[in-house]
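Residue numbers (my numbering), protein chains in the order written: chain A, 638 to 954; chain B, 855 to 1135; chain C, 835 to 1142.
Please note that the accuracy of each hint is not assured.
Unchecked claim - The calculated lysine-lysine pairs, modelled on BS3-like cross-linking and capped at a C-alpha distance of 30 angstroms, are:
1) A:K745 x A:K835
2) B:K903 x B:K1116
3) A:K724 x A:K767
4) A:K728 x A:K767
5) B:K1116 x A:K835
6) A:K834 x B:K1093
7) A:K745 x A:K834
8) B:K1116 x B:K1093
9) A:K835 x A:K767
10) A:K670 x A:K835
11) A:K767 x A:K720
12) A:K745 x A:K767
13) A:K671 x A:K834
14) C:K1036 x B:K901
15) A:K834 x B:K1062
16) B:K1093 x C:K1032
17) A:K834 x A:K724
18) B:K1116 x B:K1062
19) C:K1036 x B:K1062
20) B:K1093 x C:K1036
21) A:K670 x A:K728
22) C:K1030 x B:K886
23) A:K670 x A:K834
24) B:K1116 x B:K886
25) C:K1030 x B:K1093
26) B:K1093 x B:K903
27) C:K1032 x B:K903
28) B:K1062 x C:K1032
29) C:K1036 x B:K903
As the list claims (entries may be wrong) - Per label pair, the in silico range of CB-to-CB distance:
30) B:E1113 x C:M1027: 38 to 48 angstroms
31) A:S681 x B:E900: 35 to 45 angstroms
32) C:L984 x A:P653: 51 to 61 angstroms
33) C:L1137 x A:E753: 54 to 64 angstroms
34) B:T929 x A:P927: 51 to 61 angstroms
35) A:E775 x B:G902: 46 to 56 angstroms
36) C:G1024 x B:L889: 24 to 34 angstroms
37) C:G1024 x B:R996: 14 to 24 angstroms
38) B:N1066 x A:E753: 53 to 63 angstroms
39) A:K745 x C:S840: 47 to 57 angstroms
To be clear, the hints were calculated from the coordinates, so they are not data collected in a lab. Glycine included, every Cβ here is placed at the ideal spot set by N, Cα and C.
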Amino acid sequence: MTDILLSVRNLRVVFPHRHGDLVPIDDISFNVKKGEIIGFVGESGAGKSMTGAAIMGLIDDPGIIESGEIWLGDVRIDQLDAKRLIKIRGKRIGMIFQDPLTSLNPLKTIGDQLVETILAHLPVNADQAKRRALIGLEEVGIDSGRFNAFPHEFSGGMRQRVVIALALAAEPELIIADEPTTALDVSVQAQVLELLKKLCRERNASVMLITHDMGVIAETTDRVAVLYAGRLAEIGNTASLLSSPRHPYTRGLIASTPSVEHGDISTHLYQIEGSMPRLDALPTGCSFHPRCQDALPRCRLRQPEVINESVACFLYE
Amino acid sequence: MSEHEFIRIDRLSQRFDLSDPWIARLISRRPKQFLNAVDNVSFNIEKGKTYALVGESGSGKSTIALMAVGLLRPTGGSVLIDGHNLYDRTQSQLEHRRTRRRLQMVFQSPYASLNPRWRVGNILAEPLRVFSLTDSQSAERRRVHELLEQVGLSQSDAHRFPHEFSGGQRQRISIARALASRPEFIVCDEPTSALDVSVQAQVLNLLKRLQNDLGLTYLFITHDLAVVRVMAHRIGVLKSGRLIEEESTQSLIESPQSEYTKMLIRSAPRISRGTTGISFT
Amino acid sequence: MSKGNSLMNRFYKSDFFYDFRKSPVTIVSFVVVLALILLAVFADLIAPTDPFDAKSLNLFNGFTPPMEPNAFTGETFTLGTDDQGRDLLSAIIFGLRVSLFVGLTAVILAMVLGVSLGLLAGYRGGWVDSVIMRAADIQVTFPSILIAMLIFGIARGLLPPDLRDELAITVLIIAIGLSEWVPFARTVRGTTMVEKEKEYVKAARLIGLSGRQIMLRHILPNVLSPVLVIATITLALAIIAEATLSFLGVGAPPTEPSLGTLIRIGQDFLFSGEWWILLFPAATLLALALSVNLLGDWLRDTLNPRLK
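Just need the whole structure built from these sequences, with the hints factored in.
Structure follows, in structure tokens:
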């Protein structure tokens, strides 16, 4: 148990609504080990961002965590009051969001923002904080001369590096990155991911990388969890999951992703028919069965549970 | 002009004037400032084929898309559709309208490309009405149903509003709208960038099928080299407004010439680095 | 179109109607406004007397307190009479009609003017936008009552004396309407500027629609929802503006008194003991303006885009 940093058990998030409650996360369980980079992949509406939000205690009203437990080390964090939650968020968990423009305060220099974060979470004085901030900027590849620059003076990729520096400033144990490179150009994306990987490995910090891009998963993560309609479809070691995916959805997802390495104009991309069901129109039984080519009769009746900590599908029971 | 050269982009340029207003310039004595968003770009597209313009943000690809379809007047160069200059000021209204009917566009955002207050049936019928393509209400209705079926939607969807559909379905509606006036040339501006991967596959397959069935010519704008590989016959690489390399798809990807192209190909994320990929055909 | 998706059906099931049902204040306001509008519309049928028929007036009826028989004639009036023997209840009902008519028409004028200018400014941009917005900025620096008085005064000066009373209502409507167009224009301009960048507008330009066609067919339906809220709040302002102008003596003519006129008349007699001549018209005005304002507030809150 000692090498598990984050433990999520039977998490269920509900948005009460007068026309019928919406359940964006329905019974998800997983562990994040210390120092590992785990990816959360799924399409829009699968619940991957919501999972990150639940862990950080940032679910929008009127959503609530209806049941389940979230443990960070030996502290339970899903039911904390606001004061204690603020201490955890930022200090033990760092966050990186998709849009660097709105993640940074446009009115403060990046240096000030770094120093402010450091002072809020670490027992250091102003001078020490400034020194740490300068080191932090260097680590993400930003010239220390730009300490007093404002966010709008940087390009998208550079801003995201500042955001990474900010997230790591308080020396967190866990980083939750929600689509950190989606808004960036491809050439910059690779650099930013490399940077994130390197810095986290150096600090032995764990990373939850939330994305819809299988390519990003392949190149950055150790393990990956595939989400579909609020539930875990498959979870496992990245290399083996990508080379021999087991859940029909994972298979379909990988097969429908075009690759720059093969194919030509005559290639007909594999397509999974239909689309992910809306939260207010979930099918009975396994949420994927209407789109599944290998569906069995019992897939219509019950939801499959995750077995052997790897896949939730009746084909493997 | 060769007989297959259907679309000709000839030394196309777009220079944006970013200068301060003249009073401010008088006081501060600053010279006028311009941005060459598109700088002397030339390429041709054969009838029935797909030409992809690949570039990162700021490369000018969206600006070229707007110019190619008549929405933005170029500051230099010309756009020729089957020999007709799209921006010829001397042509008559009628000629201009006739040329405009042959062009269409599919946009990137499934959320902003359909008027949220209009029903889908009316959205599809609008080009029919503007170009007077049907002569009765029932003929119009029939054509609208035909378009919906062509993109894999059902007749009853005509009564619905855009917000009742998913992103992928909305893109299909956009494609149906683009097909309404029976165009010959469609500019696809990052049509799948905002879609999930499995939905992207559906829309790309649809676009390819339509090209085969209807003989459409595409200018396909994207930043995604993997998509380009399965969609385009030829690729042009744009950087800072200039076309730096142009080749058939296979040649460009397998033996890129410029450093920039090589970098783009290298940076494209791959599912199977080092391991064998999955083949599902 | 199937019945399930019909307009009435969609309305009953909508979140809009649900929010309405849940708010007692709003229901009461709506009922009050509806009742007052019905009173005004059917004034001829409901009012017990015609207060402007000089022949039916009996000066001896003057200053009768509410619900008490008159010392001379023995007639009883529900809300009492004024100095000329006019039944106050009837006068209020007809005055309500004038107030509401002026208020509503002025708002419609302000709305049409403001929305058109807003669309134009937002879509065309450039110098058109600058001119319209500077005009708006200049107008807004003056209190709208002063502007209304200014327009009213100019119009009165231009008109020949015999037409002044006849056209007083029209001039009043124009004056108030012209003083209230700015909030409409500014809001619509903002939304127009956002909508015109959206791709459905590009799609419309692609098939060759003119600017006017795009503004009216595509953009207008998308900028209207805040307009409804502004219209309701402006209605309350217009009603009060009219009452103020009439109170000051520069509004409704004595031949067609509005609630404001009645309040002015009542004010003269307040301290000599005939309190009802002031109280009842004032209470009616208060009820009207307050209810319209509350409805407007609720509309603004409920039409706000909410989560999920």
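Hint by hint, here is what the structure shows:
Taking the CA atoms of A:K745 and A:K835, the gap is about 28 angstroms. The hint holds against a cut of 30 angstroms. For the given pair, B:K903 sits about 25 angstroms from B:K1116 by alpha-carbon distance, which is consistent with the 30 angstroms threshold. Distance hint between A:K724 and A:K767 is fulfilled; the C-alpha atoms sit about 21 angstroms from each other, no more than 30 angstroms. Only pairs whose Cα atoms come within 30 angstroms are accepted, and A:K728 paired with A:K767 is accepted, the gap being roughly 17 angstroms.
Of the pairs offered as hints, the one joining B:K1116 and A:K835 holds, with about 24 angstroms between alpha carbons and a cut-off of 30 angstroms not exceeded. Restraint check for A:K834 and B:K1093: the C-alpha separation of about 29 angstroms stays at or below 30 angstroms, so the hint holds. This hinted pair checks out: A:K745 and A:K834 have alpha carbons roughly 27 angstroms apart, not beyond 30 angstroms. For the proposed pair B:K1116 and B:K1093, the alpha carbon gap of about 13 angstroms is at most 30 angstroms, so the pair holds.
For the given pair, A:K835 sits about 23 angstroms from A:K767 by alpha-carbon distance, which is consistent with the 30 angstroms threshold. The straight-line distance between the Cα atoms of A:K670 and A:K835 is roughly 17 angstroms, inside the 30 angstroms bound, and the hint therefore holds. For the hint linking A:K767 to A:K720, the alpha-carbon distance of about 26 angstroms falls within 30 angstroms, and the restraint holds. Pair hint A:K745 plus A:K767 holds up; C-alpha atoms about 15 angstroms apart against a cutoff of 30 angstroms.
Using a Cα cut-off of 30 angstroms, the hinted pair A:K671 and A:K834 holds, with the two alpha carbons roughly 14 angstroms apart. Simply put, C:K1036 and B:K901 have alpha-carbon atoms about 25 angstroms apart, close enough for the 30 angstroms limit, and the pair holds. Between A:K834 and B:K1062 the alpha-carbon distance is near 38 angstroms, which puts this suggested pair outside the 30 angstroms criterion. Taken as a hint, the B:K1093 and C:K1032 pair is honoured in the structure, with Cα atoms around 26 angstroms apart against an allowance of 30 angstroms.
In summary, the hint linking A:K834 to A:K724 is supported, as the alpha carbons are separated by about 25 angstroms, within the 30 angstroms threshold. Note on B:K1116 and B:K1062: the hinted pairing holds, with a Cα-Cα distance of about 27 angstroms set against a maximum of 30 angstroms. Distance hint between C:K1036 and B:K1062 is fulfilled; the C-alpha atoms sit about 24 angstroms from each other, no more than 30 angstroms. Of the supplied pair hints, the one linking B:K1093 and C:K1036 holds, its CA atoms being roughly 25 angstroms apart against a limit of 30 angstroms.
Note on A:K670 and A:K728: the hinted pairing holds, with a Cα-Cα distance of about 18 angstroms set against a maximum of 30 angstroms. With a CA separation close to 28 angstroms, the supplied pair C:K1030 and B:K886 stays within the 30 angstroms bound. A C-alpha spacing of about 15 angstroms is found between A:K670 and A:K834, which places the hinted pair at or below 30 angstroms, so the restraint holds. Restraint check: the Cα-Cα separation between B:K1116 and B:K886 comes to about 36 angstroms, which exceeds 30 angstroms; the hinted pair is violated.
For a cut-off of 30 angstroms, the pair hint linking C:K1030 to B:K1093 stands: about 28 angstroms separates their Cα positions. Taken as a hint, the B:K1093 and B:K903 pair is honoured in the structure, with Cα atoms around 23 angstroms apart against an allowance of 30 angstroms. About 29 angstroms separates the Cα atoms of C:K1032 and B:K903, which keeps this hinted pair within 30 angstroms; it holds. The hinted pair formed by B:K1062 and C:K1032 meets the criterion: a straight-line CA distance of about 26 angstroms does not exceed 30 angstroms.
Of the pairs offered as hints, the one joining C:K1036 and B:K903 holds, with about 25 angstroms between alpha carbons and a cut-off of 30 angstroms not exceeded. At about 41 angstroms, the beta-carbon gap between B:E1113 and C:M1027 stays in the expected band of 38 to 48 angstroms. Taking the beta carbon of each, A:S681 and B:E900 are about 36 angstroms apart, inside 35 to 45 angstroms as hinted. A C-beta distance of roughly 55 angstroms is found between C:L984 and A:P653, which places it inside the suggested range of 51 to 61 angstroms.
A C-beta distance of roughly 38 angstroms is found between C:L1137 and A:E753, which places it outside the suggested range of 54 to 64 angstroms. One distance hint, 51 to 61 angstroms for the beta-carbon pair B:T929 and A:P927, holds here, with the actual separation near 52 angstroms. At roughly 55 angstroms, the beta-carbon separation of A:E775 and B:G902 lies within the given 46 to 56 angstroms, and the hint holds. At roughly 27 angstroms, the beta-carbon separation of C:G1024 and B:L889 lies within the given 24 to 34 angstroms, and the hint holds.
At about 41 angstroms, the CB distance of C:G1024 to B:R996 disagrees with the hint of 14 to 24 angstroms. Our hint of 53 to 63 angstroms for B:N1066 and A:E753 holds, since their Cβ atoms are close to 59 angstroms apart. Roughly 54 angstroms separates the CB atoms of A:K745 and C:S840, a value that falls within the hinted 47 to 57 angstroms.
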